[in-house]
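Read off the chains here:
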Amino acid sequence: MAHALNAGLRACLEEDPKVVLIGEDIGRLGGVFRVTDGLREDFSDERVVTSPLGEAGIVGSAIGLAMAGYRPVCEIQFDGFVFPAMNQITTQLAKYRHRSEGRISLPVVIRIPVGGGIGAIEHHSESPEAYFAHTPGLRVLCPSTSQDAYDLLGQAIRCDDPVIFLEPKRSYWSKGEVDPEAPAVGMDRARVVRPGDALTLVTYGALVPVALKAAAVLAEEGRQVEVVDLRSLSPIDDDTVVESVRRTGRLVIAHEASQTGGIGGELAARVQARAFYDLEAPVLRVTGYDTPYPASRLEEDWLPNVDRLLEACDASLKH
Amino acid sequence: MAHALNAGLRACLEEDPKVVLIGEDIGRLGGVFRVTDGLREDFSDERVVTSPLGEAGIVGSAIGLAMAGYRPVCEIQFDGFVFPAMNQITTQLAKYRHRSEGRISLPVVIRIPVGGGIGAIEHHSESPEAYFAHTPGLRVLCPSTSQDAYDLLGQAIRCDDPVIFLEPKRSYWSKGEVDPEAPAVGMDRARVVRPGDALTLVTYGALVPVALKAAAVLAEEGRQVEVVDLRSLSPIDDDTVVESVRRTGRLVIAHEASQTGGIGGELAARVQARAFYDLEAPVLRVTGYDTPYPASRLEEDWLPNVDRLLEACDASLKH
Amino acid sequence: MTAEPTEPWSVLDPTGTLRVDDRVPAGADALDLWAAYRDMVLSRRVDTEAIALQRQGELGLWPSMLGQEGAQVGAGSALRPRDVVFPTYREHAVAWCAGVDPVQLLGLFRGTTLGGWDPRDRNFHLYTLVIGAQTLHAVGYAMGVVRDGDVGTGDPDRDRAVLAFLGDGALSEGETNEAFAWAAVQNLPVVFFCQNNQWAISAPFSVQSRVPAATRASGFGFPGVRVDGNDVIACHAVAREALERARSGGGPTLVEAVTYRRNPHTTSDDDLRYRTGAVNDDWAARDPVDRLRALLTGGAGPPGVNDFLADLGREEEELAERLRAGCRALPVPHPGDPFLHTLERMPRDLERQRDEHLAFVAGGQGDRS
Amino acid sequence: MTAEPTEPWSVLDPTGTLRVDDRVPAGADALDLWAAYRDMVLSRRVDTEAIALQRQGELGLWPSMLGQEGAQVGAGSALRPRDVVFPTYREHAVAWCAGVDPVQLLGLFRGTTLGGWDPRDRNFHLYTLVIGAQTLHAVGYAMGVVRDGDVGTGDPDRDRAVLAFLGDGALSEGETNEAFAWAAVQNLPVVFFCQNNQWAISAPFSVQSRVPAATRASGFGFPGVRVDGNDVIACHAVAREALERARSGGGPTLVEAVTYRRNPHTTSDDDLRYRTGAVNDDWAARDPVDRLRALLTGGAGPPGVNDFLADLGREEEELAERLRAGCRALPVPHPGDPFLHTLERMPRDLERQRDEHLAFVAGGQGDRS
Ligand SMILES: Cc1ncc(C[n+]2csc(CCOP(=O)(O)OP(=O)(O)O)c2C)c(N)n1
Ligand SMILES: Cc1ncc(C[n+]2csc(CCOP(=O)(O)OP(=O)(O)O)c2C)c(N)n1
Ligand SMILES: [Mg+2]
Ligand SMILES: [Mg+2]
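Chains as they are written, first to last, in my numbering: chain R, 1 to 319; chain V, 1 to 319; chain W, 1 to 369; chain H, 1 to 369.
These are computed hints drawn from the structure, not numbers from a lab.
Any given hint might turn out to be false.
Unchecked claim - Some chain H residues close to chain R (C-beta under 7 Å, calculated; not the full set):
(1) 111
(2) 113
(3) 114
(4) 131
(5) 169
(6) 172
(7) 208
(8) 272
(9) 273
(10) 274
(11) 278
(12) 332
(13) 353
(14) 368
As the list claims (entries may be wrong) - Listed next, the stretches of chain W that the computed footprint assigns to chain R, with coverage defined by at least 3 CB atoms under 8 Å from CB atoms of chain R:
(15) 54-61
(16) 176-187
(17) 264-271
(18) 346-356
Note that CB positions come from ideal geometry on N, CA and C, so glycine has one too.
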């Protein structure tokens, strides 16, 4: 997926001279995940800016650049380091269109590698999406495939809204062809990635392949699970999920982020409100626990995996 | 309620010489809401510290003070100004007990006036509780009465966990006697503030009196609504809510914060999971909308009010 | 002017006596003193009227700039049309100089808007209430100016500078310091104009710093200048030089204009809880408007001064009337507006919320409560 | 030593020649050169072994301090037992000087813990990965020291200082600058010790600042000192003076130790993408350990030097063996631990999550997948 993102950035840099990348170590080094590899060389230091070490500065100056007519794409080095930028994101970036009564757009994209599963140390395995999804005025996207990474990133950069673009870091090394000409799904639409009728399994990012594995296991047991990749975490395409649940009657939601206040709770609340009489079982959640992300030696069992998903699906199907 | 909080701070300052207050303008001015009125004069500048203008500094230095054996109580001047402190709160304060394997406690309290309804300008009417509730390692409290404000604040300061203490600013001017000797309800327990059997109405902070008004209206119409004051937003006492819903079969949740990713979604998800077969109607939410908080001339209709609560209760009861 | 900051530099003293100093621009570059006086008086009238409107319940709040007109008109009069301003919430006189309709300043405080004007019209950005946040926007804008090639071309119609305002309290916010760091290493065309009005609400300057505000710049490696903020001529000279340096590619400057907030922090504040009336009076004696009037009317007074003052008095009254009427006529937003302006295209779930809300508002509430 | 920082102050040159300078403490206060050498060599061995353990898959990551031992041992050897240290993630030699068991440093990088030691045992706080965050904790701790009355009493067993480490990159974080502001206005007993190792991952120092790091302090009104970070004697002298000033109530100091990170940022980094091997070699020639060895063994060498070095060699091997064994023996946390350590008392909903998780772990996963 890192390659797809690199290609996506390159395409946008070529297409629009106003696109500027800003972030720590994104120049010569190409970023710690090499997502910006080679871009500085091909587009100059002015357009691929290795920034001082300050996340508020990255986002705050991106806001100013956007006011000056640019389309900045920020990179936050790791999920755990976005918090120094929270003030600029929450009180400035997200609100400016509203404050200016729709006059001023801030087309800023903030790319953040997210999630666990790579054996990293503290602050390098966080899943901060709910903070952003709870902040009106932002779009929050999270691709699960290389093609989607390419498509969504392009849409995010071209879009006039601020976008938090979450890159599941476990998927950086996943292979996947990218067709730049393929027609892209709308960036605020969820996508049914495997059809089914027995249960709806919704997730996003790095857990999509996990969910597909769980669905494959259940298929062998004769139960067709519909897997939905949310893609957009704000706005949430609950229409697609509700439509699915109307058919399946059951819903399991999975994410790595802590349970309390996560996307799963929001979606569960919406679905039970909109499809109350269709639900044959309570909406179940398989999520990170309400503790700090643990030391990496614990993470294998910690992260929602196929078995935990299967357990939840079984529980739902038993109702 | 401001008086109750002042009395609560005073009692803690007297009781424990390690209690230190830090915040902008909390000294001579007594804070912009006068919650710390007179405390500097009675307890010295060393214990009631008028800080430089920096929220990261307030929380970060409180962490250091706690490491040195103190029990700092921070004041953030307004809800909208907590975001510069998010890094210290999220990556440092909330995680330290876990990082130190339970060895080190950080008994830091962060007081924040929250919510709308006072005709204020931008950033002065925010409801940021969900950010904190989604952050494991923090307790989040929100009193609705003067007595509770006094009790919960004392419990928060004496507690060894970091506590985000949200003060509904609309309630600052509400009168209410405080009995310092009254036995306090446990700080992580919700409280049934009006019993009923027709529907459970859950809220917290400034909306508790609003919910009670709605319940009174419905009582005149012969329907007894049970009103639950959540008090603790993290951990959430869903046991009390579930127990109530088991009896009433219906649940309406109200809060001022934006809907998506708010406490209401979390509670709805928990209740539908734990009381699925008891629910006679979908859990409904009456919340702030998913937009930035509007200019104050719009806020009267904007905030969840008695009529919006009644509408939701009616809708629930019609199922 | 870029040496180590010590005593604030001044040329016009409180009695209205002007000292000759070759750093004061002369000839075509000179400050038009009559215009500056007019700007100070009229913008002060905006301030005074706004306070009155607040008293009458027409505004929720007003942050008065009384006493800071010298600093603000000094800076504002040094702007060129293509320069860009990032204000705090107190730059009413700068807004005036930039040509923003003062009625538009009132909306934010009346609660009819969170903005009030189109920042692109006058290159004057929206007021920012979060202390320090705008300094980074100024830095980013300046990065854009550099990328546009609008620095150091020598073409006065092309080169641009960014002027960011901040208070003394803002010096303590991390973001402000990040802005200083970024501006320095990139040598950006930005001037940080700090009005050290001695107070951040109730915190005296000593709570923020033990050295002059201008000194902060030296730690980042760019010039800091300390100027008497109640001397509009000195402020103009300093701002002019700093902006010119920025436009020509000479990089950032931090200006500290030493002044005083003569009124409480806002109309909600009670300043006698933390400072004495006597000190307020001391500073009143150093008032920037009085000072320039003393110069202009000094001695026998230049020819025409009485007519000028009489005209200005009439202009003031007209302005005041326009403000009062304009304030009351400010449009109240439609209940659907926040939904409309949250994202470029309204998502379906937000449409549902809007429809519910509009139905609720239209339904006439209060049926039962 | 508190004048405007220019060239880093040095007494021991790369050839091992010691220049006489009266700022170097003598007599009982002098640095024990043998001990300093031993500390540098053994802590370097910790570093080398950790890299080897990472290569073997025993550690996930290791941030090497190779080349920074002079700065770290210089600072670490100036500590008194009651002083308190707030490190970044690279202060392995300071941890060594403070007496932290080096095996305990490995847990964080092995993934068996997010901490590893009890900060109270040695007054050495946990490593902090979020750049700059610890500088504010140091400030807060110093506020506590002041409130405890443990500053300026003149009693060497009572007075305390706080020593906060930071990198050159950390200078650009807002929080670091807030720490400087707080320390200055409160005149706190804190020493900020910045190891300017020229790089923040791939960003050279010029990305963070156009003036020396030590200069930053002047903007906040406290002394900044620039010292040759590869000269352990000079570093000790500077740290000693700054800590003593702090303990005695003289307030904060920013020390810039000019040094070089000879290895990549961490074992995951590839430094030849952004710097050349030739420059690395230049700095290798200025290595702090070599430099002190040259002094100690210079000329005919002092009596006993060979025995000393031989003993040290044996000690190194024992240490290495102890690290290897200790690393492998580090306890893996119990799956229930995170639940246990999130809050003081486990809330009921977290208990439910824990029970589910433990049942899941006990149930033996992988039945079907
Ligand atoms: C981040 C943030 N924290 C706190 C506040 C509350 N507040 C509003 S104005 C103010 C004082 C600002 O002082 P200064 O920067 O000197 O500007 P002045 O008001 O004197 O013009 C404070 C603390 C805020 N607006 N933003
Ligand atoms: C707030 C934050 N942003 C980004 C990072 C990622 N990161 C880890 S180390 C580092 C460079 C730090 O450089 P410096 O302060 O010079 O310390 P050094 O590594 O050279 O010791 C960066 C950017 C981080 N840890 N914290
Ligand atoms: Mg001020
Ligand atoms: Mg470095």
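These are the hints, each one checked on the structure:
1. 111: holds, 3 Å
2. 113: Result: holds, 5 Å to nearest chain R Cβ.
3. 114: holds, 5 Å
4. 131: Since chain R brings a Cβ to about 6 Å from residue 131 of chain H, closer than 7 Å, the hint holds.
5. 169: holds, 4 Å
6. 172: OK, holds: residue 172 of chain H within 7 Å of chain R, min 4 Å.
7. 208: holds, 5 Å
8. 272: Constraint on residue 272 of chain H not satisfied, violated at 10 Å.
9. 273: It holds, given that the least Cβ distance between residue 273 of chain H and chain R is near 5 Å, below 7 Å.
10. 274: Holds - the Cβ of residue 274 of chain H comes within 7 Å of chain R, reaching about 4 Å at its closest.
11. 278: Residue 278 of chain H check fails; min Cβ-Cβ to chain R is 16 Å, beyond 7 Å.
12. 332: Holds, about 5 Å.
13. 353: Holds, about 5 Å.
14. 368: Holds: closest Cβ of chain R sits about 5 Å from residue 368 of chain H, inside 7 Å.
15. 54-61: Per the Cβ count (0), the hint is violated.
16. 176-187: holds (count 5)
17. 264-271: violated (count 0)
18. 346-356: holds (count 4)
Checked against the numbered hints given earlier, the structure breaks hints 8, 11, 15, 17 and satisfies all the rest.
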